[in-house]
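*Asks:* Residues per chain are reported as follows:
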Amino acid sequence: RKEVEQDPGPFNVPEGATVAFNCTYSNSASQSFFWYRQDCRKEPKLLMSVYSSGNEDGRFTAQLNRASQYISLLIRDSKLSDSATYLCVVGHNTDKLIFGTGTRLQVFP
Amino acid sequence: DAGVIQSPRHEVTEMGQEVTLRCKPISGHNSLFWYRQTMMRGLELLIYFNNNVPIDDSGMPEDRFSAKMPNASFSTLKIQPSEPRDSAVYFCASSRLADTQYFGPGTRLTVL
Chain A
5 RKEVEQDPGP FNVPEGATVA FNCTYSNSAS QSFFWYRQDC RKEPKLLMSV
55 YSSGNEDGRF TAQLNRASQY ISLLIRDSKL SDSATYLCVV GHNTDKLIFG
105 TGTRLQVFP
Chain B
276 DAGVIQSPRH EVTEMGQEVT LRCKPISGHN SLFWYRQTMM RGLELLIYFN
326 NNVPIDDSGM PEDRFSAKMP NASFSTLKIQ PSEPRDSAVY FCASSRLADT
376 QYFGPGTRLT VL
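Just so you know, the sequences run in chain order A and B.
To convert a position in the first sequence, counted from 1, into the numbering used here, add 4.
To convert a position in the second sequence, counted from 1, into the numbering used here, add 275.
Isolated chain B (complex conformation) (with noise of 0.2 Å):
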């Protein structure tokens, strides 16, 4: 089975421009998940949908990130515009209800 896809796999932008990261969770799973990793702060929630719905985007850091997730097998986190801080690896995973969540292999983003 395929597992969670993400991508791009790597993306390296100008500070201003808008970044759009993309994510296909895997069939069946009903949640999924995006999440931020640097070194500093470790991996950080932004937000999560059960059923295609926003459940807590309490993580999302403000205005200049947006997640959807119009159906069940696609979502997207966007920044616009990027600024150097953003940089980090990005995560999607997904799981059914409350059981084991699995992760993509990331996008490694940098803005310079």
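Okay, chain A solo, but in the shape it has when bound (with noise of 0.2 Å):
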């Protein structure tokens, strides 16, 4: 079993429209929550950190919970340039990350 899972997707959706990804891990003893988004053919990038309280960026709101461990990602208001891949990644008590494979999504006109 991987420690983080996520769905591979895609998510086809059209732009206006709210999704969610929610991803899982393995490893209770994690300590640090990211989503990292990936363009195509690009490397990846920092789009939050997850905390236990929740967190909101503009559109982008992160969530964690630690008993399920469990995290997700809503985006409201889908706009063509959030197409690309969302990167769970959870963190040790040291620097090391694991990253899921993540889940495309595909916002369409």
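It is worth saying that the hints were derived from the structure and are not from the lab.
Heads up, some of the hints might be wrong.
FRET-style restraints, in silico, Cβ to Cβ [claimed, not checked]:
no.: 1; chain 1: A; residue 1: Lys-100; chain 2: B; residue 2: Arg-284; range: 24 to 30 Å
no.: 2; chain 1: B; residue 1: Gln-292; chain 2: A; residue 2: Ala-21; range: 45 to 51 Å
no.: 3; chain 1: B; residue 1: Arg-371; chain 2: A; residue 2: Lys-46; range: 21 to 27 Å
no.: 4; chain 1: A; residue 1: Ser-53; chain 2: B; residue 2: Pro-329; range: 25 to 31 Å
Stretches of chain A that chain B covers, calculated by requiring three or more beta carbons in the stretch to come under 8 Å of a beta carbon on chain B [what the hints assert, rightly or not]:
no.: 5; region: 24 to 33
no.: 6; region: 102 to 112
Source: prediction; values computed, not measured.
Just so it is clear, CB atoms sit at the ideal spot from N, CA and C, and this is done for glycine as well.
Need the complex rebuilt from these two chains, each delivered in its own frame; the hints are there to steer you.
*Replies:* See the structure below:
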């Protein structure tokens, strides 16, 4: 079983839609949580960190449920430019990060 | 500020040849990471360094892979001999200790 699991998608949604991605992790000792975004043939870039209290950045909301070992990302009012692969990332008490294989999002007009 | 710099951006080589990938981290960052990305396995950590010292190389596939960081501004990942299954995109990333990792543009390696 992979340490970080995500639905690979693709999620095909129209502009303006709300879409949610989920991720589960297996190591209960995990201490840091992130969502990275990766455009086609580009490098991954940090989208947002995820905190236990939940956090919001514009149209993006991230949630963490430690009891269920579950992380989510909600995108409201989807834009064409949101089309990308979203990577769920988990860290331990070191620098080491474990990346999920990503969920692909395609927003169409 | 310049981001993480990797070279070459693309490499095509024949099986059995030596391949050297290069990385210059962001100035002031003291952690450096080498990742490999394939469609099948996603993004995998190969090795990482703190203050030029290798900390965890458990992701290095086998003895054909080696990595060095002779100083704070340069690292290499070497594959010798290369095999077709090594074909992938290799990313270097850097960070301040336990902070956000910034990725370079990657090296797309094809081994024929």
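*Asks:* Look at each hint and say if it fits the structure.
*Replies:* Hints, one by one, checked against the model:
1. Lys-100(A) with Arg-284(B): 24 to 30 Å: 26 Å, holds
2. Gln-292(B) with Ala-21(A): 45 to 51 Å: 48 Å, holds
3. Arg-371(B) with Lys-46(A): 21 to 27 Å: 23 Å, holds
4. Ser-53(A) with Pro-329(B): 25 to 31 Å: 27 Å, holds
5. 24 to 33: violated (count 0)
6. 102 to 112: n = 5 at 8 Å, threshold three: holds.
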